[in-house]
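Asks: Sequence:
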Amino acid sequence: MEFSAARLKDTILQLIIDTGLISSADGADETKVVFQEMSGDGSTRRFFRVSSLGRPLCIAVLPGAYNVIELSECKAALAIGNHLQASGIPVPDIIASDLSCGLILFEDLGDMKLYDHMLQDRQKGVELYQEAVTLLARMQVAGAEGFDQHWCYDSPTYDRKIMLERESGYFIKALWQDTLSEKIPDGLVDDCERLADQAREYFQPLFLHRDYQSRNIMISNNKVHIIDFQAARLGPPGYDIASLLIDPYVALSDDEQAQLFTSYLEEMMRFPQVDITRIKQSYPYLAVHRNLQIAGAFAFLSGSKGKSFFKPYILPSLLMLKRRLAAELFDCVPILRKTISQAIVTYRSDF
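The letter at position 306 of the sequence shown is residue 326 when you use the working numbering, and the numbering goes up by one with no holes.
Simulated from the structure, these hints should not be mistaken for lab results.
Quantities reported herein were computed from a predicted structural model and do not represent experimental measurements.
Possibly wrong hints are sitting among the right ones.
Claimed, not checked - Now the in silico label distances, taken between C-beta atoms and shown as ranges: (1) SER361 with GLN293: 39 to 45 Å; (2) ALA85 with MET58: 16 to 22 Å; (3) THR297 with GLY207: 26 to 32 Å; (4) GLY108 with GLY130: 17 to 23 Å; (5) ASP217 with THR297: 17 to 23 Å; (6) GLY108 with GLN301: 28 to 34 Å.
What the hints assert, rightly or not - Result set (DSS-like, lysine-lysine): computed pairs, CA atoms no more than 25 Å apart in a straight line: (7) LYS300 with LYS243; (8) LYS203 with LYS342; (9) LYS193 with LYS358; (10) LYS181 with LYS342; (11) LYS300 with LYS133; (12) LYS133 with LYS342; (13) LYS133 with LYS325; (14) LYS133 with LYS331; (15) LYS144 with LYS133; (16) LYS331 with LYS203; (17) LYS331 with LYS193; (18) LYS193 with LYS181; (19) LYS52 with LYS29; (20) LYS327 with LYS300; (21) LYS325 with LYS203; (22) LYS193 with LYS95; (23) LYS358 with LYS181; (24) LYS95 with LYS181; (25) LYS181 with LYS203; (26) LYS300 with LYS325; (27) LYS358 with LYS331; (28) LYS325 with LYS193; (29) LYS203 with LYS358; (30) LYS300 with LYS181; (31) LYS203 with LYS193; (32) LYS193 with LYS52; (33) LYS342 with LYS331; (34) LYS144 with LYS29.
All C-beta atoms, glycine included, are put in the ideal place defined by N, C-alpha and C.
Let the hints inform the model, and build the full structure from the sequences given.
Replies: This is how it looks when you write it as structure tokens:
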């Protein structure tokens, strides 16, 4: 089923009127309501800022296509957003929704992301990072309580299959094969399976955001808010803190990462049900998986999707991955190490 632009606009206007954000008279006056399309970064969804006479009303989020998967993503965003808010986690208010067309109206939190703060005032940005770390610990525990895995549109759990298909497999397909046009070397898949097996030994399932990084953390009224949570599921807590700390958009130094990771562990110690040892043991393996996912995603988005914003981050993500794999802990994956080194050489030569 497809919905015309006019019908979608009318649906948004009616929802805004029904919630009392504007009057019926203002809604009928096309000069008083403005729809501004926004960038969705790597998402296929469509985003519109709706305002009236310069006053922000909401952010309208629509699926990129009207199929079962994308409409299920909308339902997941609605259910998980309501759950997080009920758990005391600062997410944008859900103002209204129409699941028949996959439409959700979210509170407008403005334009300032944690990423933007890091560009404008790094010292202040690092302070906000600390707040994001504290919030993450709270979300992982509180979000896991009462979490219904039937809400998940993609996968209910971060597991070995996800690691092999969406992390290491994503890197192999999108970057190694499609971008660099290389053949899969003997032993690479075995190394990736070994890496996944090592990671899953230390899993303790908590709430997993799945993309907890600086462009998905909004700063509104000097407070941290979390967006883009629709792919949440249960999974190991080390994954989300890895996503935040190795985020190539802001390139935290090794010292900054270490300090924030220590702060994160201290926060998690407040929750007796959390096994801190498991987090420490799983973190290096999860960080590598996240790094592989990042490199694969940037290659896919900049290449197949033509989103040039992501291209400058491909090489830094590869260099970061090489440094991470240099640890003695990863002597068990020599082919993966060699593959990353070759990817850097080829990428520098061809791009």
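Asks: Would you list, in rising numerical order, the hints stated earlier that this structure does not obey?
Replies: 7, 11, 12, 20, 22, 26, 32, 34
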